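Q: What follows is each chain in one-letter form.
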Amino acid sequence: MSTFKPKHQRLVLVLIALAALIGAVMLAAWSLRTQADYFYLPDELVADPPPPGQAVRLGGMVERGSIETMADGVTIAFVVTDQAAARVPVRYSGILPDLFVEGSGVVAEGSVAADGIFIATNLLAKHDENYVPREMQDMHKAMDGTGPEATTVGLE
Amino acid sequence: MHGFANPRRFLSLAAWLTPALLVSGLLLTAGALAWGLLAVPPDRLMGETVRILFIHVPSAWLGMGGWTAIALSSMAFLVWKHPLAAIAARAAAVPGMAFTAICLASGSIWGRPAWGAWWVWDGRLTSMLVLLFLYAGYVALAQAVERDGGSPRIPAIFGLVGAVNIPIINRSVVWWNSLHQPPSITMGKSAIDAEFLVPLLLAVLGFSLLFGGIMLARMRALIAEMQHESRLRRKAQEAGDA
Numbered sequence: 001m002s003t004f005k006p007k008h009q010r011l012v013l014v015l016i017a018l019a020a021l022i023g024a025v026m027l028a029a030w031s032l033r034t035q036a037d038y039f040y041l042p043d044e045l046v047a048d049p050p051p052p053g054q055a056v057r058l059g060g061m062v063e064r065g066s067i068e069t070m071a072d073g074v075t076i077a078f079v080v081t082d083q084a085a086a087r088v089p090v091r092y093s094g095i096l097p098d099l100f101v102e103g104s105g106v107v108a109e110g111s112v113a114a115d116g117i118f119i120a121t122n123l124l125a126k127h128d129e130n131y132v133p134r135e136m137q138d139m140h141k142a143m144d145g146t147g148p149e150a151t152t153v154g155l156e
Numbered sequence: 001m002h003g004f005a006n007p008r009r010f011l012s013l014a015a016w017l018t019p020a021l022l023v024s025g026l027l028l029t030a031g032a033l034a035w036g037l038l039a040v041p042p043d044r045l046m047g048e049t050v051r052i053l054f055i056h057v058p059s060a061w062l063g064m065g066g067w068t069a070i071a072l073s074s075m076a077f078l079v080w081k082h083p084l085a086a087i088a089a090r091a092a093a094v095p096g097m098a099f100t101a102i103c104l105a106s107g108s109i110w111g112r113p114a115w116g117a118w119w120v121w122d123g124r125l126t127s128m129l130v131l132l133f134l135y136a137g138y139v140a141l142a143q144a145v146e147r148d149g150g151s152p153r154i155p156a157i158f159g160l161v162g163a164v165n166i167p168i169i170n171r172s173v174v175w176w177n178s179l180h181q182p183p184s185i186t187m188g189k190s191a192i193d194a195e196f197l198v199p200l201l202l203a204v205l206g207f208s209l210l211f212g213g214i215m216l217a218r219m220r221a222l223i224a225e226m227q228h229e230s231r232l233r234r235k236a237q238e239a240g241d242a
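Chains as they are written, first to last, in this note's numbering: chain R, 1 to 156; chain G, 1 to 242.
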């Protein structure tokens, strides 16, 4: 070490400090891995249900064909699902975000009622990472048989 | 590499490179934004609001790129002790902070129609807000050190430590469930249709040229300020000696 020029000594010191820093951050990120989640996935909510009335967020895909308007005309019911095939029924009355459609992502804020139905007080639309012009959408589907909506990245 | 670290050679290079970067950056940014805001077709789901993409994404990249420049310059300063590296780090802070603020503001405006919320505390948004605060802290710290005569190593160490936030921002949408969607552009593949991607990449290039031009202009201004101050100090000393 004594043959090192001061310049090289500083370089080694900075690199060691950087390695220690990155290690510390990786540890912090690892310990935060579920606490820093913005929402629960349906299978997490089904496996370990929060006490009724506790405010939680539920995120997943709106199951195709599951959206229906209740008899009062303002409440809608739908099912949030994920790739683990867990299903959580949701009720919501209020204004829907523009991007709230079947087969797309949604984050519901609310709580689980005693009967297991998730009562949402607010809905947020979660869109995927695809950007496709309207007129191209049908062309993509015709070409490879998969529309851009077919991916559910981020919700697995 | 070390040739450009010579301040005199740097100044003669920056004298023509600064206006060249600023003018080409302005032209390219104006062209790319006109293309993106006027000519591009609406998105299949988001409709017209997709146009915010052409401001939001380049600002986000440069907000993160600005701190990367601070970190690399700070490391060069700590290891090789070259004063120009410390000046480069300080010069990247203000444009980096401005682009981070533009990213947060445009993202908020986009979030309202796309998600249904101006702001949410998910991993991506929170880590980007932390970056804005880091910039503000760095600018204040660098100014205080210059004014009160502390060691220039203090802001350099802060710049290096703050760099840990950059991979967190980048990975936040992959590590944690978030409302923000995962990255559209990953190694060698893009989920953005070519109709959007081409003007987007042009806007990124234009914003980057502008960033480079602003950073060089800031470096020249900081060097001029230092020369001015040392000249004043020398004159005051001569007057004292006489």
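Derived by calculation from the structure, the hints in this document are not laboratory data. This one's a predicted model, so the numbers in the text were calculated from it and none came from an experiment. Yeah, the Cβ is synthetic: ideal placement off N, Cα and C, and Gly gets one too. Hints are not guaranteed to be accurate.
Covered stretches of chain R (in silico footprint by chain G; criterion: 3 or more residues with CB under 8 Å from a CB of chain G, positions within the stretch not fixed) [stated by the list, open to error]:
1) 12–20
2) 77–89
Distance windows between CB atoms, simulated [what the hints assert, rightly or not]:
3) 70(R) <-> 167(G): 27 to 37 Å
4) 170(G) <-> 83(R): 50 to 60 Å
5) 81(G) <-> 48(R): 49 to 59 Å
6) 226(G) <-> 95(R): 49 to 59 Å
7) 48(R) <-> 94(G): 39 to 49 Å
8) 68(R) <-> 94(G): 27 to 37 Å
9) 134(R) <-> 112(G): 55 to 65 Å
10) 187(G) <-> 72(R): 45 to 55 Å
Q: Hint by hint, say whether it matches the structure.
A: Structure-based check of all given hints:
1. 12–20: holds (count 3)
2. 77–89: violated (count 0)
3. 70(R) <-> 167(G): 27 to 37 Å: 46 Å, violated
4. 170(G) <-> 83(R): 50 to 60 Å: For residue 83(R) against residue 170(G), whose Cβ atoms are near 24 Å apart, the range 50 to 60 Å is violated.
5. 81(G) <-> 48(R): 49 to 59 Å: At roughly 55 Å between Cβ atoms, residue 48(R) and residue 81(G) fall inside 49 to 59 Å, so the hint holds.
6. 226(G) <-> 95(R): 49 to 59 Å: 57 Å, holds
7. 48(R) <-> 94(G): 39 to 49 Å: About 47 Å separates the Cβ atoms of residue 48(R) and residue 94(G), which means 39 to 49 Å holds.
8. 68(R) <-> 94(G): 27 to 37 Å: The hint (27 to 37 Å, Cβ to Cβ) is violated, given that residue 68(R) and residue 94(G) are roughly 54 Å apart.
9. 134(R) <-> 112(G): 55 to 65 Å: 21 Å, violated
10. 187(G) <-> 72(R): 45 to 55 Å: 50 Å, holds
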